[in-house]
Amino acid sequence: MIRLEGVHKTYGKTTALDGLDLEVQEGEFFCLLGPSGAGKTTTLKTVAGLEQPDSGTVELDGKDMAGVEPYDRGVAMCFESYALYPHRSAYDNLASPLRSPRHRLPAAEARERIGAIAELLGISGLLDRPVGQLSNGQRQRVALGRVLVRPARAFLLDEPLSHLDAKLRQQMRAELKAIGAVRRTTTLYVTHDSLEALALGDRIGVIRDGRIVQTGTREEIWHRPFDTEVARAFGRPRINLLPGVIASDGGFRSADGKVELPLGVPVRENTDVLVGVRPRDITINGPGHELTGTVYVTEVLGRSVEVTVRLGEQQVSLVAPRADTAGLRPDDPVRLTVRPENLLLFEADRPERPGRRIESTR
Amino acid sequence: MRLALRPYFLIIPALLLTCGILYPFGLGLYYTLFDFSASKPQPDMVRFENYETVFTQEAFWNSAWVTVLYAVGAAAVETVLGVAVALLLHRSSIVGRVLEKILILPLMIAPVIAAIMWKLMLQPSVGVINYLLKPFGLGGVQWTDTPTGALLSSIAVDVWVYTPFVAILALAGLRSLPTSPFEAAAVDGAGWWYTFRRLTLPMLWPYVLVAVIFRFMDSLKVFDIIYALTEGGPGDSTVVLQIRAYLEAIRFQRYSFGISYTIVLWAVVYLAAMVLVRHLGKIQRKAAEVSK
Amino acid sequence: MTLQKRLLGWLADAALILYFVFALFPIAWMVILSLKPTNQLFSTYFSFSPTFDGYRTVLGDSEGIPFVRFFVNSLVVSVGAVVLSLVVGLPAAYASARWRFKGSENLMFTLLSFRFAPELTVIIPLFVLYQKLGLFDTYVGMIWVLQLVTLPLIVWIMRSYFADLTPELEQAALLDGYSRKQAFFKVALPLVKPGVAAVSLLAFIFAWNNFVFPLILTSNEAQTVTVGALSFLGGDRPKYNLTAAAALVSVVPPLLLALTIQRYLVRGLSFGAVKS
Chain A
-15 MIRLEGVHKT YGKTTALDGL DLEVQEGEFF CLLGPSGAGK TTTLKTVAGL EQPDSGTVEL
45 DGKDMAGVEP YDRGVAMCFE SYALYPHRSA YDNLASPLRS PRHRLPAAEA RERIGAIAEL
105 LGISGLLDRP VGQLSNGQRQ RVALGRVLVR PARAFLLDEP LSHLDAKLRQ QMRAELKAIG
165 AVRRTTTLYV THDSLEALAL GDRIGVIRDG RIVQTGTREE IWHRPFDTEV ARAFGRPRIN
225 LLPGVIASDG GFRSADGKVE LPLGVPVREN TDVLVGVRPR DITINGPGHE LTGTVYVTEV
285 LGRSVEVTVR LGEQQVSLVA PRADTAGLRP DDPVRLTVRP ENLLLFEADR PERPGRRIES
345 TR
Chain B
-6 MRLALRPYFL IIPALLLTCG ILYPFGLGLY YTLFDFSASK PQPDMVRFEN YETVFTQEAF
54 WNSAWVTVLY AVGAAAVETV LGVAVALLLH RSSIVGRVLE KILILPLMIA PVIAAIMWKL
114 MLQPSVGVIN YLLKPFGLGG VQWTDTPTGA LLSSIAVDVW VYTPFVAILA LAGLRSLPTS
174 PFEAAAVDGA GWWYTFRRLT LPMLWPYVLV AVIFRFMDSL KVFDIIYALT EGGPGDSTVV
234 LQIRAYLEAI RFQRYSFGIS YTIVLWAVVY LAAMVLVRHL GKIQRKAAEV SK
Chain C
81 MTLQKRLLGW LADAALILYF VFALFPIAWM VILSLKPTNQ LFSTYFSFSP TFDGYRTVLG
141 DSEGIPFVRF FVNSLVVSVG AVVLSLVVGL PAAYASARWR FKGSENLMFT LLSFRFAPEL
201 TVIIPLFVLY QKLGLFDTYV GMIWVLQLVT LPLIVWIMRS YFADLTPELE QAALLDGYSR
261 KQAFFKVALP LVKPGVAAVS LLAFIFAWNN FVFPLILTSN EAQTVTVGAL SFLGGDRPKY
321 NLTAAAALVS VVPPLLLALT IQRYLVRGLS FGAVKS
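Protein chains in written order, with the numbering used here: chain A, -15 to 346; chain B, -6 to 285; chain C, 81 to 356.
If you are wondering where the hints come from, they were derived from the structure by calculation, not from laboratory data. Glycine included, every Cβ here is placed at the ideal spot set by N, Cα and C. A couple of the hints might just be wrong.
[What the hints assert, rightly or not] Chain B stretches covered by chain C per the calculated footprint, using a threshold of three residues with CB under 8 angstroms from any CB of chain C:
# : region
1 : 74 to 86
2 : 104 to 111
3 : 236 to 247
Generate coordinates for the entire structure from the input sequences, incorporating the hints supplied.
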C-alpha cells in the first residue's frame, strides 16, 4: 500500500508537487495520468525516497517513510530514461539487484530468474550485448526486467512502454498485467497516454500541476469526469464540447441558438455552460434527441468512420459504423441523434481553471 | 537532517585543504600592514604605509605599464594567430590533420623551459636565430639586450607557448558550431567573407573570448618566462609586477612590501576578470541569437 | 574555379606549415644542440659530430648538479600532489555536482580564484611559514603548495563530468539495493574514469611544469627539474649543449602524456568553460 498525504515539493521557484494526496491499495494497479510537467516522475521519486518532500508524508504499508533511505524502502522503479548502466551488458543490468547486499541471490538461482524474466520480455537473445548496442525499445524492456526480477513492496513504473514501437506497445500492454509479479505487487504506473491508463489501471489518478484532480475506476473517469480537461484527456476523437447557456425551459441552447438539447439537470437560467457528448454516443438516425446539420468532412477509421458535422456555428465529430455513413458527402444534410442520458454538463471554462462537471440529478 | 548533511561530509576534506591554502593568503594580507623584513623580524604595524609606498613609487608604475604592455601584446597576438591556425586546421586538409596531432606540444612544455630554449636560440653572437637571419642582412640583433627587444622577445616566447591554447579552444568551438546556418548561407549563395564575418565569427567569439580571458589574466601575472629569459632586464625594462614582487620579497627580503605588490596585482587581475566575464555573458547571449 | 580553389588550398597549407615550423623549430634545435660535443658548441651550427656526451654529463650528475635527483623529485611531488587532490577533490566535485548547497558554490569559486591568483601572494608568506615549520625544501611542503595548481583543476573538471552524468543511474543503484557509497564507487566512478584519467594526467603536467613554487620553496633536497634545468645556464661559460639536454629530459614526461590525452584536453584546458 502506498499513501501520500499533502506532499509539497518545489525546485527553486517551480512547484512540482502542490499538496498531492494519493492512495494505492495493496496489490492494486494504479495509473497516474497527466501531461509532462504535471509532477508524475516527482511523485514516483518521492515514493522511492529519491526526492525528499518539503512537507507532507509518504507511507508504505502503513509505515511513515520519512528519513528512510531508498535502499531500505523495498520498492523497485523503472525510469523513463531507463537508467541502465551503459558500461555493462543487459544481463549484468538485470542481475544488478540480485547482486546487491539487500536482494542477493545465489548465482545459479539468479541466472534462472533472469532467464525467465528475459523470456517473458522477449529479450533472451540480447542478454550478452552491452546496453549501448540496444535499441531504445530493447533498453526499455531491460529496464522493466530489472524491476520485475526481484520481489518488491511496490513497483514504480515511469512510462515503461513509451519507447516501444506501436505494435510491441500494444502487445506489452496486454501482457504486462498478466505477469504474475505485476498481478501480485502494488504498482504505481505513470503515463501520459490515456489509452494506456484505461487499458491497464484498476484505478486511474489524473494529475495536473502537482495535484490529483480525480481518482476513480475507468468507468467513473469516463462517465463522470471531474472537469472539461479530464473529459478531453480520455477518448479519441476527443469529446465534443458545445458552448451555450441554460434556456428558460431548463434545456441547453448553443451560443448561436442553432442547437437545443434537453437536460435532466436543474441549473439556473442563463448560466454559461459547456455540454459534452462523446463521438461514439452520437448516432445517425438512431433513437434519441434529433439534431440537423451538414457534413463537413469524413474520415475512414477502418470499420468505422469519423464524421465531422456542422451544427450552426459548431462542429461536432462522431464515430459511426461504415454502413450508417455510406453515401455521405461534404455539405450533405444529416440527421444526428443523441440520447439525453449520454450528455455531460460542465461549467464554462474560465481562464483560471477548466469548467467543472455539474452533477446530474440522475 | 542526516540526509541534508551528507554533502557537507564529502566536501570537508577539500574545505580543510582550501583553508590550508587560504591561510597563507590571509597571513600575507596581514603582513602587508607591517614592515616585516629579514632585517626586521619583529615588525611594527604600519597600516597602509606599504600600499602608499607602492603607489607613489615610480618603479611600480613602470612595472604596471610593462605588465599591461606584455599582457595586451601577448593576448592580442595569441588570439589572432590562434584563431587563424584554428581556421586553417578546420579545413582538415591532409597536411592539417597530420599537424593537428602535434599542435599541443609547445603548450605542454614548462614555460620556464621554453624560455631557456629561446634564450639559447636568441643569444646574439652564437644563437641560431641570428645565424639564420644573416643571409637576410639581419645578423647581430641584440634580442634580449635592448629594452624593446627584451619585451618583444618575452612576448614571442609567450606566443610560442600559448598560441596552441587559443587554437585548441577555437578549433573545439568551430567543430561544435551548428551546421544549419552555414548550409542556409551556402544555399543563399553567400560569399566566404560574408559567411565568416556574419556567421563564423559571432558564433565562435564566445569560445575565443574564454581563451582570451584565460590568456590575458595569466599574462598579467607572468613570471617564469621573464625570470628565465631576461630577469627583468636590461635595466627595469621587463620588470613585470610579479618579478618586482619577487625582487622585493626574496632578493631584498622585504617581505611585507613584496606581498603588497602581489596584492595590488591580485586586485587588478580580479577586476579584469570581472569585466571580462561580464562581457563574456553578453557575447554568449548574442551568439546564441545568431545561431538561431 | 577548381584551379583557384586548389591554389588557395595550397596557400592555406603553406601558411599552416609556416606556423608549425615556428612551433617545432625550437624543439628540433634543442635536439641538435643537445647532441653537440662541447668543443664544437660555438664553431658550427648544423654540421657536427653528434654525441650523447651531453646527456651522459647531465644524467651523470657530473656538473655538480644532481639532475637525476631533481627528476625523481619532480616525479614524487607531482604524483603526490595529484593523488592528494584526487582523494580530496573527487568527493567534493561529486557533492557539488549532485547537491546544490550553500558551502559548495563558495568553495568552487574560491578554488577558481586560486587559478587566477598571483602565485607570489601565497608563496612569500609560505616561504616565511615553511622556514618556521621545517617544511622548506621538503616533499610535504611542495605537495601542499602544489594543491594550488592541481586541486582547482581536478575539482572543476570532475564536477563538470559528474554533472554530465544523469543522477538517475545512481538512483537506480540505490533502488537495486546498493548503498550510496556503493552507488558512487560501482556506478558513478567507473563512468567518469576516462575523465579522471585525463584530468589526473593534465594536473600532473601542470604540477611538473611549475616553476615558481620550487624556485622559492626549495633549495636542494626537494628541488625539481624546472629549477634544475635553469641552473645549467649559470656559470661563466654556460654549457649550451648540457642546458639543451637538461631541458629536453625535463620536457619528455609532459610531452608523452600530453599526446595520450589529447582528446580530453579541451575541457581540461578551459576548466570546463567550453564543453567539448
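Evaluation of the provided hints:
| no. | hint | verdict |
| --- | --- | --- |
| 1 | 74 to 86 | holds (count 7) |
| 2 | 104 to 111 | holds (count 7) |
| 3 | 236 to 247 | holds (count 4) |
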